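Construct the entire structure; sequences and hints are all you get.
In order, the protein sequence lines correspond to chains A and B. Numbering follows this note's numbering, in which position 104 of the first sequence is assigned residue number 104; successive positions increment by one, without gaps. Numbering follows this note's numbering, in which position 161 of the second sequence is assigned residue number 161; successive positions increment by one, without gaps.
Calculated directly from the structure, the hints in this document are not laboratory data. A quick note: this is a predicted structure, and the numbers were derived from the prediction, not measured. In this text, a Cβ means the ideal position worked out from N, Cα and C, and glycines have one as well. Take these hints with a grain of salt, some might be off.
Far from chain B, by Cβ distances over 10 Å, these chain A residues were calculated [said to hold, decoys possible]:
id	residue
1	92
2	118
3	180
4	188
With beta-carbon atoms standing in for the labels, derived distance ranges [said to hold, decoys possible]:
id	chain 1	residue 1	chain 2	residue 2	range
5	A	139	B	189	12 to 20 Å
6	B	183	A	151	31 to 39 Å
7	B	16	A	77	47 to 55 Å
Protein chains: 2
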Amino acid sequence: MPKLVDHGARREEIAEALWRVVRRDGIRAASVRTIAAEAGWSAGAVRYYFPDQAGLLSFAMDLVSRRVSERISALNASGGAKGSPTAVALRYLEEALPLDEERRAEFDVWIAFMAQAQAESDAGSLHEHVDKVHDGLRLLCESLVHLLSESGTLRKDLDRRREIERLHALIDGLALHAAIQPGRSTPARVRQLLRHHLESLLS
Amino acid sequence: MPKLVDHGARREEIAEALWRVVRRDGIRAASVRTIAAEAGWSAGAVRYYFPDQAGLLSFAMDLVSRRVSERISALNASGGAKGSPTAVALRYLEEALPLDEERRAEFDVWIAFMAQAQAESDAGSLHEHVDKVHDGLRLLCESLVHLLSESGTLRKDLDRRREIERLHALIDGLALHAAIQPGRSTPARVRQLLRHHLESLLS
Numbered sequence: 001m002p003k004l005v006d007h008g009a010r011r012e013e014i015a016e017a018l019w020r021v022v023r024r025d026g027i028r029a030a031s032v033r034t035i036a037a038e039a040g041w042s043a044g045a046v047r048y049y050f051p052d053q054a055g056l057l058s059f060a061m062d063l064v065s066r067r068v069s070e071r072i073s074a075l076n077a078s079g080g081a082k083g084s085p086t087a088v089a090l091r092y093l094e095e096a097l098p099l100d101e102e103r104r105a106e107f108d109v110w111i112a113f114m115a116q117a118q119a120e121s122d123a124g125s126l127h128e129h130v131d132k133v134h135d136g137l138r139l140l141c142e143s144l145v146h147l148l149s150e151s152g153t154l155r156k157d158l159d160r161r162r163e164i165e166r167l168h169a170l171i172d173g174l175a176l177h178a179a180i181q182p183g184r185s186t187p188a189r190v191r192q193l194l195r196h197h198l199e200s201l202l203s
Numbered sequence: 001m002p003k004l005v006d007h008g009a010r011r012e013e014i015a016e017a018l019w020r021v022v023r024r025d026g027i028r029a030a031s032v033r034t035i036a037a038e039a040g041w042s043a044g045a046v047r048y049y050f051p052d053q054a055g056l057l058s059f060a061m062d063l064v065s066r067r068v069s070e071r072i073s074a075l076n077a078s079g080g081a082k083g084s085p086t087a088v089a090l091r092y093l094e095e096a097l098p099l100d101e102e103r104r105a106e107f108d109v110w111i112a113f114m115a116q117a118q119a120e121s122d123a124g125s126l127h128e129h130v131d132k133v134h135d136g137l138r139l140l141c142e143s144l145v146h147l148l149s150e151s152g153t154l155r156k157d158l159d160r161r162r163e164i165e166r167l168h169a170l171i172d173g174l175a176l177h178a179a180i181q182p183g184r185s186t187p188a189r190v191r192q193l194l195r196h197h198l199e200s201l202l203s
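What follows is the structure, encoded as structure tokens:
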């Protein structure tokens, strides 16, 4: 009887080995060979799942967006966050901020891919995956600004589209700062700044 | 008679070759060998100026902060920006945003180094240079918030330290967005969002 292989789990296992390599040695070090060594596989076995490096990088990148989406869905499934509109928005936005070890790893990997995608402006394939994460976060900001608006607390003089873009940029900036100087931009400080920003949008 | 060599200019020439390699092929591709080829030099000649790659990367990174500082100093020397406090702040902040080809190159290089520094958390040497750029931008935000405060236009209910951090995070987020999706986060849109943010700080 042939062995049943969970190909999806195998792909995730390889992508996680890639994450560890990128986090430890930088994206420069991520090759099929180093990733195979990290996963304890042969290079041939890795190539069976990912014939080229671009496919491997794209899969790992998509794993970041999938993990964020899964956390948001889990939050929705549990009945959503509770409390004031600000508290609810904060709770959701935290899922996209590098405020613990797991989310820091995701952010570091995202930044590494983003930087690589910027450099490979003609290749385009990495760019598509960066856009997916980027658009996902904008969509979250959009939902939360609409939530504030529907709960009647958003200031009437504010332009919703502009506030979505401003919130989105602020989130990415705070994430960047939390990653660059975690001692200064601590989780507590990032939450405080974000809360202050959200409150400034309310009437 | 021995030839007079401008070592500083030579170093910048090499750093600029490194910039082109990083922008075109990613930081993964930046080695003494590829940079020498790009500059039209021998690898030995590049090694004469930069014995190791870490030194080369650090120099290129510092070149980014030096260029931004030089533009700010030039602005100061020309009597500073003119107009309302918002217009002045905008004019200065633009120097740190990737709104034209030159500043886009600087930002892409900075992001590539930053990502690499994140990965090399133990090495520390790249980190120091990332911090320098980061702290430089925070200092600029600090000066501008103080300017708004001294001109008497900053809202009295705002905490200056918090507003410096919020502005700094917003600037980096806007820069990131301008780099990731230049078609959506156009220079005009980025200026508009930044102007709106600055105006929200005024009484």
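Non-interface claim for residue 180 (chain A) versus chain B (Cβ beyond 10 Å): Nearest chain B Cβ is 6 Å from residue 180 (chain A), so the label is violated.
Status of the stated non-contact between residue 118 (chain A) and chain B (beta carbon gap over 10 Å): Non-interface label on residue 118 (chain A) violated, nearest chain B Cβ at 5 Å vs cutoff 10 Å.
Interface-negative label, residue 188 (chain A) against chain B, beta-carbon threshold 10 Å: Given a closest Cβ separation of 13 Å, the condition holds.
Verdict for residue 183 (chain B), residue 151 (chain A) (Cβ pair) under range 31 to 39 Å: 33 Å, holds
Beyond 10 Å from each Cβ of chain B, as asserted for residue 92 (chain A): At about 17 Å from chain B, residue 92 (chain A) clears the 10 Å cut-off, so the statement holds.
Outcome of range test on Cβ distance (residue 139 (chain A), residue 189 (chain B); 12 to 20 Å): Distance hint for residue 139 (chain A), residue 189 (chain B) holds at roughly 18 Å.
Cβ distance range 47 to 55 Å for residue 16 (chain B) and residue 77 (chain A), holds or violated: 52 Å, holds
Figure legend: structure checked against the earlier numbered hints; hints not met, in rising order: 2 and 3.
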